[in-house]
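Novice: Single-letter residue listing:
2 protein chains.
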Amino acid sequence: MYHAAMIAKACPPPLRSLALGAAPLLILSALALPLAAAAAPPAAKSPATAGDILAASIPADWQAFPDADLLLLDFDSGRRVVIALAPGFAPVHVDNIRKLVRAGWFDGITINRVQDNYVVQWGDATEKKPLPPGIVSAPPAEYERPATGLDVRRLPYPDSYAAMVGHARGWPVAGDGKGLAWLPHCYGMVGVGRNVAPDTGTGAELYVVNGHGPRHLDRNIATVGRVLSGMEMLSALPRGTEQLGFYKEGEARPAIRSARIAADIPPAERPRFEVMKTGGPAFAAWTKARANRQDVFFNHPAGGVDICNVLPPVRPTPPLTR
Amino acid sequence: MYHAAMIAKACPPPLRSLALGAAPLLILSALALPLAAAAAPPAAKSPATAGDILAASIPADWQAFPDADLLLLDFDSGRRVVIALAPGFAPVHVDNIRKLVRAGWFDGITINRVQDNYVVQWGDATEKKPLPPGIVSAPPAEYERPATGLDVRRLPYPDSYAAMVGHARGWPVAGDGKGLAWLPHCYGMVGVGRNVAPDTGTGAELYVVNGHGPRHLDRNIATVGRVLSGMEMLSALPRGTEQLGFYKEGEARPAIRSARIAADIPPAERPRFEVMKTGGPAFAAWTKARANRQDVFFNHPAGGVDICNVLPPVRPTPPLTR
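Those protein sequences? They're chains A and B, same order as listed. Its first residue numbered 44, the first sequence is counted upward by one per residue in the numbering used here. Its first residue numbered 44, the second sequence is counted upward by one per residue in the numbering used here.
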């Protein structure tokens with residue numbers, strides 16, 4: 044049998060059998076954590092799996108995303124997408140996005156492009172909707188930032204694109220090893236659509252990666268966040284049939300009914316999410332276990348892992364009750 | 044304006060403008076190649092983009108997949124998925140798959156699992172359908188093969204999982220640098236579901252990668268092919284809501300109406316696909332251009348590329364008319 048704590052990508056891969064005992068969530072539900080994991084720690088001979096480590100984690104291993112950084116997109120379908128914004132990496136773009144949200148600019152905005160193995164993109168299809176006052180119309184090219192102050196925990200594995208990769212402040216990070224760092228384009232990461240330079244995008248046009256990480260976009264676009272919840276709705280949208288995956292005239296375009304920042308709604312209604320502290324011991328053990336799979340399914344642990352396959356674990360937590 | 048030859052992942056990324064002039068196909072359509080590309084080669088000062096190189100390729104740069112290696116899955120919806128099988132990497136599993144197809148075993152088989160950012164998987168949900176005679180019930184673990192004879196063209200970029208990566212015979216390849224090679228788990232690659240060792244799967248349960256390459260599965264599963272056409276249908280299927288993305292009882296399961304090997308149908312009805320010759324000069328130029336994007340959109344070419352972002356270009360070709 045499989046360990047009860049096998050989770051998401053940590054869990055057994057393509058199986059012939061339907062007799063499975065694992066939690067399937069991309070986002071680990073703290074509420075669903077099997078209590079058995081605490082009662083039955085892995086035997087000394089069997090190194091902990093990534094799932095074991097998540098199950099055995101304690102509250103101090105996690106930190107909450109600030110309410111001001113949670114972007115809630117409620118679609119006409121009733122589905123919600125929650126995105127964590129990254130003001131530490133693209134402060135001007137993120138500030139623009141917050142202002143667009145607060146001005147109601149995103150309300151009624153549609154998904155216009157779904158290109159297979161690339162991006163889902165939303166914005167003003169008419170390109171005529173005026174931006175609200177206070178938006179920085181030509182933000183700086185926030186494609187990189189100084190690595191100084193990030194205290195990146197480096198992964199000891201090579202990367203095909205960057206001199207170094209690792210984690211900082213709950214985010215995946217890539218760097219040039221010479222003082223610059225950036226958020227890599229991984230599945231579920233959110234960026235700012237733009238035209239050719241010197242345009243950097245305002246934040247009014249956003250996209251999320253829906254396939255293998257298009258890391259060649261790193262350092263060429265402002266990456267502003269990560270989808271925490273609702274990705275499986277975005278990724279299953281029909282691919283657009285026009286060039287570059289744009290929807291054809293008349294094809295259904297999912298519409299955002301309401302975009303809000305969590306900090307702007309009553310505390311009891313705010314969704315809350317935690318990310319594993321990327322500087323802590325549990326996270327270090329988790330990345331190591333992801334690179335050296337000990338789950339019963341695996342015959343040959345890889346001894347390495349791609350940054351996009353070790354995005355920090357995220358979990359929803361109950362709303363504040365005060 | 045953008046080059047007419049910008050294609051798929053070689054084309055401009057998230058744009059603010061809808062004024063685009065590129066071909067959107069994941070699989071390059073030879074028939075749709077803009078003639079303008081031949082008439083207007085890139086200026087001497089502007090290095091060729093990956094799209095330019097595809098547009099300028101000649102017939103000798105391409106090779107056809109053998110009809111005996113093309114697996115056609117026709118779904119009840121009318122949609123077709125075409126998979127190239129890789130007998131050079133997993134001959135016993137591929138032979139099993141051909142036998143299952145020829146016995147009609149896959150007809151009526153359903154997709155039972157769609158896990159976000161992982162796999163789409165099909166097989167016998169009842170686990171009671173008897174296998175036809177002649178199937179090898181316990182194939183060898185065809186997870187690796189000798190690199191000897193493959194003549195791998197190595198990529199000069201590091202990989203997070205393998206000692207080396209490159210291409211051979213129209214396929215992406217990873218290797219340990221000590222004589223073993225295998226097909227990496229990239230978006231669109233097809234593998235054989237199995238139970239825990241010593242089971243290796245028969246080929247009756249198959250899956251395709253629908254997210255960031257789960258390369259930790261390399262060397263742990265028989266990888267047997269690649270989706271050439273129809274991926275955008277598989278990738279947009281609703282995610283299953285049961286554990287590991289399995290569909291719940293009562294959720295719609297897409298069914299295979301008919302599975303065939305192209306060689307078994309009349310020549311005029313056979314779909315035909317070509318792959319760029321991975322040992323040739325056009326492919327060498329193309330991989331280099333993918334690692335060093337010169338498209339007008341890019342400010343900062345990466346100087347590297349992940350093996351899963353340089354899967355050999357594939358294109359449909361007209362059926363034989365004799």
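Do not take every clue at face value.
No copy labels: a pair is met if it fits in one copy or bridges any two.
Claimed, not checked - Capping the alpha-carbon separation at 35 Å, the derived lysine-lysine pairs in DSBU-like fashion look like this:
1. K331 to K291
2. K172 to K320
3. K221 to K331
4. K331 to K172
Calculated from the structure, these hints are not laboratory results.
Novice: Which of the numbered hints above does this structure break?
Specialist: 2, 4
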